[in-house]
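J.: Sequence:
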Amino acid sequence: MEERAQVDGVEQEAGAGILHVFGRQLKLCRERAGLDRAELGGRAGYSASTIASFEQGRRIPPPRFIDQADELLDAGGLLKAGKEEVARARYPAFFRDAARLETQAVELHVYATQAAPGLLQTEEYARAVCAMWRPLLDEEVIEQRVAARMARQDIFARRPAPDLSFVVDEAVLHRLLGGERVWRGQLEQFLLAGEKRNVTIQVMPFSRVEHAGLAGPFTLMETKDERRIAYTEVQRASHVHTEREKVRELESAYGTLRAQSFTPEESRALIEKLLGER
Numbered sequence: 131m132e133e134r135a136q137v138d139g140v141e142q143e144a145g146a147g148i149l150h151v152f153g154r155q156l157k158l159c160r161e162r163a164g165l166d167r168a169e170l171g172g173r174a175g176y177s178a179s180t181i182a183s184f185e186q187g188r189r190i191p192p193p194r195f196i197d198q199a200d201e202l203l204d205a206g207g208l209l210k211a212g213k214e215e216v217a218r219a220r221y222p223a224f225f226r227d228a229a230r231l232e233t234q235a236v237e238l239h240v241y242a243t244q245a246a247p248g249l250l251q252t253e254e255y256a257r258a259v260c261a262m263w264r265p266l267l268d269e270e271v272i273e274q275r276v277a278a279r280m281a282r283q284d285i286f287a288r289r290p291a292p293d294l295s296f297v298v299d300e301a302v303l304h305r306l307l308g309g310e311r312v313w314r315g316q317l318e319q320f321l322l323a324g325e326k327r328n329v330t331i332q333v334m335p336f337s338r339v340e341h342a343g344l345a346g347p348f349t350l351m352e353t354k355d356e357r358r359i360a361y362t363e364v365q366r367a368s369h370v371h372t373e374r375e376k377v378r379e380l381e382s383a384y385g386t387l388r389a390q391s392f393t394p395e396e397s398r399a400l401i402e403k404l405l406g407e408r
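Using the working numbering, read the sequence shown as starting at 131 and increasing by one per residue.
It cannot be assumed that every hint is accurate.
To be verified - Pairwise CB distance ranges, derived in the manner of DEER restraints:
{"#": "1", "residue 1": "Asp355", "residue 2": "Glu310", "range": "42 to 48 Å"}
{"#": "2", "residue 1": "Gly147", "residue 2": "Glu395", "range": "46 to 52 Å"}
{"#": "3", "residue 1": "Leu208", "residue 2": "Gln234", "range": "52 to 58 Å"}
{"#": "4", "residue 1": "Arg357", "residue 2": "Ser179", "range": "41 to 47 Å"}
{"#": "5", "residue 1": "Leu321", "residue 2": "Arg154", "range": "25 to 31 Å"}
{"#": "6", "residue 1": "Arg366", "residue 2": "Gln234", "range": "47 to 53 Å"}
{"#": "7", "residue 1": "Arg289", "residue 2": "Ser179", "range": "35 to 41 Å"}
{"#": "8", "residue 1": "Arg314", "residue 2": "Glu395", "range": "19 to 25 Å"}
{"#": "9", "residue 1": "Ala345", "residue 2": "Asp284", "range": "28 to 34 Å"}
{"#": "10", "residue 1": "Leu208", "residue 2": "Leu344", "range": "46 to 52 Å"}
Stated by the list, open to error - Distance condition first, Cα-Cα at most 27 Å in a straight line; then the derived DSSO-like pairs of lysine-lysine:
{"#": "11", "residue 1": "Lys354", "residue 2": "Lys210"}
{"#": "12", "residue 1": "Lys354", "residue 2": "Lys403"}
{"#": "13", "residue 1": "Lys403", "residue 2": "Lys376"}
{"#": "14", "residue 1": "Lys326", "residue 2": "Lys403"}
{"#": "15", "residue 1": "Lys354", "residue 2": "Lys376"}
{"#": "16", "residue 1": "Lys157", "residue 2": "Lys213"}
The hints are simulated quantities; they were obtained by calculation from the structure and are not laboratory data. Keep in mind it's a predicted model, so treat the numbers as computed, not measured. Quick reminder that beta carbons are idealized off the backbone N, C-alpha and C, glycines included.
Take these sequences, add in the hints, and give me the full structure.
T.: In structure tokens, the structure reads:
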């Protein structure tokens with residue numbers, strides 16, 4: 131069976147609907163507690179206008195605020211109950227299913243061709259990538275997506291630690307997205323992440339005469355319940371593949387890519403060389 135992520139219509143409306151429902155619940159709880167927006171905002175550390183944005187479904191409330199509001203308004207867990215769905219709404223519609231599965235992964239393997247994998251991006255690099263999106267995103271949406279991308283990196287602190295590997299096309303290392311300072315920070319981030327015992331980073335070099343990844347980037351996952359899944363994405367069209375034949379095909383391609391790529395040690399040396407040359 132294959133699950134297809136919808137990028138328009140029903141799926142996007144569902145994400146917006148979740149925020150509007152949560153916003154109405156937040157407003158009802160606030161009014162029942164006898165607080166105006168400024169009073170709730172003052173106690174939670176937010177402005178009245180931000181509280182209004184939460185209540186009107188125009189801005190995605192962070193998990194910390196939801197926990198605070200539930201306690202401050204004596205909501206009895208009502209607001210906390212929607213925290214997971216609200217968190218999923220932080221992601222663009224085409225990535226929500228993959229984001230949910232990622233939180234369940236015990237193994238995750240990524241092949242990246244255009245930019246650093248989201249799980250390895252620095253905040254500045256992520257902001258630069260989101261700012262380059264076309265059609266242009268509103269500043270508020272950019273900040274939401276950057277925050278969501280940073281939240282995904284909690285996977286590195288998860289225990290037990292998942293097995294994570296990344297094959298990055300060499301072109302990614304040479305592309306100065308965001309400018310030289312941001313680029314240097316991103317290369318340094320690769321080095322730091324590669325020091326983790328559960329993380330392997332390899333570079334697919336320009337010099338190879340054979341390349342098993344010409345069909346594009348993809349991600350492989352195995353979840354806690356032993357589901358093996360592949361995720362592919364291009365031009366906002368995404369697929370979560372659960373059909374065993376398709377997943378096996380991409381697993382085979384990834385294995386070949388790893389064999390064709392530089393070793394982790396060679397990859398680290400290349401990144402250090404690039405940093406030393408500029």
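J.: Need the list of violated hint numbers for this structure, in ascending order.
T.: 3, 5, 6, 12, 13
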